[in-house]
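Each chain is listed here by its residues.
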Amino acid sequence: MMELEALQAVLPQIRELGASLVAISPQLPSYGRAVRRRAALEFDVLSDEGLKVAQAFGLAFTLPSYLEELYRSFGNTLDKFHGEPAYRLPLSARYVVDPQGQIRAADVNADYTVRPDPEATLAQLRGLSANSERQRA
Amino acid sequence: MKLQERLDAFKASFESGAPPFNAPRAAIEIMHRATEELRQSGKAERALGVGSRAPAFALPNQDGQIISSADLLARGPLAISFFRGHW
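As they're listed, the protein sequences go chains D and H.
Last residue of the first sequence: 137 in the working numbering, with the numbers rising by one and none dropped.
Last residue of the second sequence: 87 in the working numbering, with the numbers rising by one and none dropped.
Chain D extracted, bound-state conformation (with noise of 0.2 Å):
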């Protein structure tokens, strides 16, 4: 929640740049529609069912038991907010793909609390407008 925030606070630079910013969870779409009202964020949040997308950029993991009964006792039920009985999370990551289609930064952490920086993010995607305006002139 607290990075989603930090990503809406540069979604008009973003934006100024013809880029475009998604967030992505396996959070059915009504909790999807909580986190934007909660967070009041402007950009999509995208419900990726069955964790597909994850598991196409190598990020879908199943949670230890012990974790999963830690959840539970929390009131963290994934299988609700999923809809799916696995116990299963994206790792926390932020990419930045070029308009060809190609990844052009990464940031990838098994420590969800360690997390890069929305200036980062905005310097990379500065870098490539930068680039197609040069290719175009």
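These are calculated hints, taken from the structure and not from any lab test.
Among the hints, a few may not be true.
Chain H is nowhere near these chain D residues, computed Cβ spacing over 10 Å in every case [unchecked claim]:
#, residue
1, E3
2, P12
3, G18
4, A34
5, A40
6, D48
7, P85
8, R115
Computed spacing ranges between beta-carbons, pair by pair [what the hints assert, rightly or not]:
#, chain 1, residue 1, chain 2, residue 2, range
9, H, A74, D, S65, 40 to 50 Å
10, D, S65, H, R75, 38 to 48 Å
11, H, E29, D, E16, 43 to 53 Å
Every value quoted in this text rests on a predicted model; they were computed, and no experiment measured them.
Virtual Cβ for every residue (Gly too), placed ideally from N, Cα, C.
With chain D fixed as given, assemble chain H onto it according to the hints.
For chain H alone, kept in the frame of chain D given last:
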């Protein structure tokens, strides 16, 4: 404050065991263990990285409208944030 400073401050507050979270020590240790195991699994290093082709996707947004990566990329570069959830 930078994002990482805010995350660190939140983590310190959570792990102090004090209100408003009152997180039990045992729970914090379980979370540390899980993160450490995930780190040691090398999963993050095997995920797609720079130079790979980004897999195409078409997913419903918060309103059920299908958003495709192809449409977004036709307009320009795309930043994607994979996150765990609203909790």
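Hint check results:
Not every CB of chain H lies more than 10 Å from the CB of E3/D, the least distance being 6 Å, so the non-interface label is violated. At the 10 Å boundary, the C-beta of P12/D stays outside the reach of chain H, the nearest C-beta of that chain being 14 Å off. Distance to chain H contradicts G18/D as a non-interface residue, since its nearest Cβ pair spans about 4 Å, not more than 10 Å. Non-interface status of A34/D relative to chain H is broken: a Cβ of that chain comes within 10 Å, the nearest being about 5 Å off.
A40/D, annotated as away from the interface, keeps every beta carbon of chain H farther than 10 Å; the closest lies near 13 Å. Once the 10 Å rule is applied to beta carbons, D48/D is inconsistent with being away from chain H; the minimum gap is 6 Å. Consistency note on P85/D: stated as away from chain H, and its beta-carbon is indeed over 10 Å from all of that chain's, at 16 Å minimum. With 10 Å as the threshold on Cβ separation, the claim that R115/D sits away from chain H is violated: the shortest Cβ distance comes to roughly 6 Å.
Our hint of 40 to 50 Å for A74/H and S65/D holds, since their Cβ atoms are close to 44 Å apart. A beta carbon spacing of about 43 Å between S65/D and R75/H agrees with the range 38 to 48 Å that was offered as a hint. A beta carbon spacing of about 45 Å between E29/H and E16/D agrees with the range 43 to 53 Å that was offered as a hint.
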